[in-house]
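The residues making up each chain are set out below.
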Amino acid sequence: MRALSAFFEKNGSLLGAYLILAVGFWILVLIILPQLSMLDISFRHNLPPALVGSERDVYTLDNYRHLLHGNPGNPDRLSIFGYETSIPLNRVDLAVFVKTLFVAILITLFDLILCYPLAYFLGQSPAGGSARIFVLLLIIPYWVNEILRAFAFRIIFGTSGVINTVLLGAGLIDQPYDFIRENVALYAGLGYAYILLMIFPIYNAIESLDRNQIEAARDLGSPWWRIHWRVVIPFAKPGIVSGCTMVFMLTAGALAAPQILGGPSSLWFTQIVYQWFNTGQNWARGSAYAVVLLVTCIVLVLALMRAFKVKMGEIGK
Amino acid sequence: MTKGVGVQLDQLWIRFGDFVAVRDANVSIRGGEFFSFLGPSGCGKTTILRAVSGFLEPSQGRVLIGDKDMAGIGANKRPTALIFQNLALFPLMKVWENIAFALEVKGASSADRRRRADELLELIALKGQGDKLVSELSGGQRQRVAIARALCAEPDVLLLDEPLSALDLKLRQHMRTELRAIQRQVGITFIYITHDQGEALTMSDHVAVMREGVIDQVADGKTIYDDPATPFVASFVGENNVFRGKVKSVVDGHAIVATNRSGELRGRIAGSAKGTLAVGDDAMLFIRPEAFSIGADDQIDDHAIRAQIRHEEFEGQAYNVFLEGDAGKEIKMSLVNQGQSRTSAAGSNITLAFDPDQALVLPKGQMASEH
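Those protein sequences? They're chains A and B, same order as listed.
Just so it is clear: in the first sequence, position 185 is 185 by my numbering, and no numbers are missing.
Adding 1000 to a residue's 1-based position in the second sequence gives its number in my numbering.
Everything labelled a hint here was simulated from the structure, so no lab data went into it.
One or more hints might be untrue.
[What the hints assert, rightly or not] Far from chain A, some chain B residues (derived; all Cβ distances over 12 angstroms):
#1 SER1041
#2 GLU1097
#3 ALA1102
#4 GLU1104
#5 ASP1161
#6 LYS1170
#7 GLU1212
#8 LYS1222
#9 VAL1250
#10 ILE1300
#11 ALA1368
[As the list claims (entries may be wrong)] Coverage of chain A stretches by chain B, computed from C-beta distances (three or more under 8 angstroms per stretch; other residues unrestricted):
#12 186-196
#13 257-270
The beta-carbon is built from N, C-alpha and C at its ideal position, and this holds for glycine as well.
When you get a sec, could you build the whole thing from the sequences and use the hints?
Rendered as structure tokens:
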């Protein structure tokens, strides 16, 4: 209570009330309520509107069961070390689920390796000057709509696209390579989509690192890699974890890039969710799939933070 | 004391674009001595330090450490260790890891590193504090950790960039003594950068006074203070009253200067101006506030000035008396507090007497700052 009155004293009653209302609305109405209702729907049967609220509208684990076991009569069985059990296995959906998470992790790592040197360069160059132009160059492409950017990638990576034309012209290949079928375009697009969310948290963290510490380490004889290993990376750790978290979450939850850039036989887990909601008209099942994705991602992120000993508060810095 | 490694600056120039930060510096620093660069901020002293440590390549000229040209040798390969103004300790490492970082770089085992860190912790009187974080130490303790971290690299030359400037007065005075003691103990060459003349004079074997990229004088502290080579040194190191005028006569190492406002005054010709100062030259005569004493009211000669007391400050160890001579000439006198009461009331006229040997005559030149 004292904290609340101090908050109002500091900000004035009008601004204080606005802040509390705005943040409350944002968290409660835009985040908590929709997620809770999705959680609720995920435990219900997919009923026609007339039956909603009737005695048949009861809670069930069917939707979650479906992700694990598939439709009744699914012939696939779980096998452990080659020994086939009697448990039915939804091999298709689970494979997509695991692949989505695995690829999202790889893309996050790739983005980290790509962005750390950039962020270091930006964070350690003097304010203004070339660094500012560089940041601007990074930001401007993001003024273009995400879907348009994905289509641009489709054009670049198409069989008659720039890359194939150049490779053919240089004589490196004798027929066009199908980047889209091989998912190269998808991974490139996903890797590019959230790059800024990796660069900026790391840049922010490194920017506040005292340059003298780097020089001190060098003066004490340290080669460049050890300076990064012992001084810069530990300092930038909250930024690195924050960037990885955001890139991983958004990549695992991406929809536009997989829809546009995915090869004909490739599915992203969000596309399955999307299908249940849209073409499948089964919101309950879509919700269950979405909840599983969300919870798994949160668990992975928390595990990452724990492994790297980063506290939640540090990420907010 | 072991024979330390000397450092030479040989016709060293450092330019940043059109700006000349260091102009033709020639200094020979003897092995094992405590050498200071003293000057106002922006005079180029830190630039020299960075050139010695290897963070900066000279535009021209050479830096030699132990007679070896350092051109092209990076900061991590030079036998120097730098203590930064803000210390730049690694905040995420424990105290002992900070200290032993140079050994970690060399690939020493954890046990060796710990042992060496503990030895150095003992040297800096912080025994048993190795497992703390840097943030848990006080300012003076961090200072000492920074010294230990640099010493752990076993440098031939330790470079210190105003490391005491962030400490409070008492601690600073204490650390001066301590730094000097550590330097004597380890016997390596210390190069110290400061704008604080007190630090430079108390600790150093030799001091180089710098002004706008130029080294005006290199000498021991006593010489710097008593026989400054230029008006800049005379006015930057300690306080000085300056009387401008023309040389009227030169006799026996003394000169009589016809000053603009205070009549003819006699002073000793500075060592740097001996033999070159001639009658008719524009000159400056410097008298330190503490060189004045109160003379007899009827003393009128070339080592006395009549002035009127304006106001007086009590500084503890001394009274600062501000006076006004003829034509508004401002003069400051400092009288050691020996228990006497105030000199006399504002407005009264007194005679300021001085020993001509304590007054210094230099050719006209640039002052540290014009008041």
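For each hint, the structure was consulted:
| no. | hint | in the structure |
| --- | --- | --- |
| 1 | SER1041 | holds (17 angstroms) |
| 2 | GLU1097 | violated (9 angstroms) |
| 3 | ALA1102 | violated (4 angstroms) |
| 4 | GLU1104 | violated (8 angstroms) |
| 5 | ASP1161 | violated (9 angstroms) |
| 6 | LYS1170 | holds (26 angstroms) |
| 7 | GLU1212 | holds (24 angstroms) |
| 8 | LYS1222 | holds (33 angstroms) |
| 9 | VAL1250 | holds (51 angstroms) |
| 10 | ILE1300 | holds (59 angstroms) |
| 11 | ALA1368 | holds (28 angstroms) |
| 12 | 186-196 | violated (count 0) |
| 13 | 257-270 | violated (count 0) |
Hint compliance for this structure: hints 2, 3, 4, 5, 12 and 13 are not met, and every other hint is.
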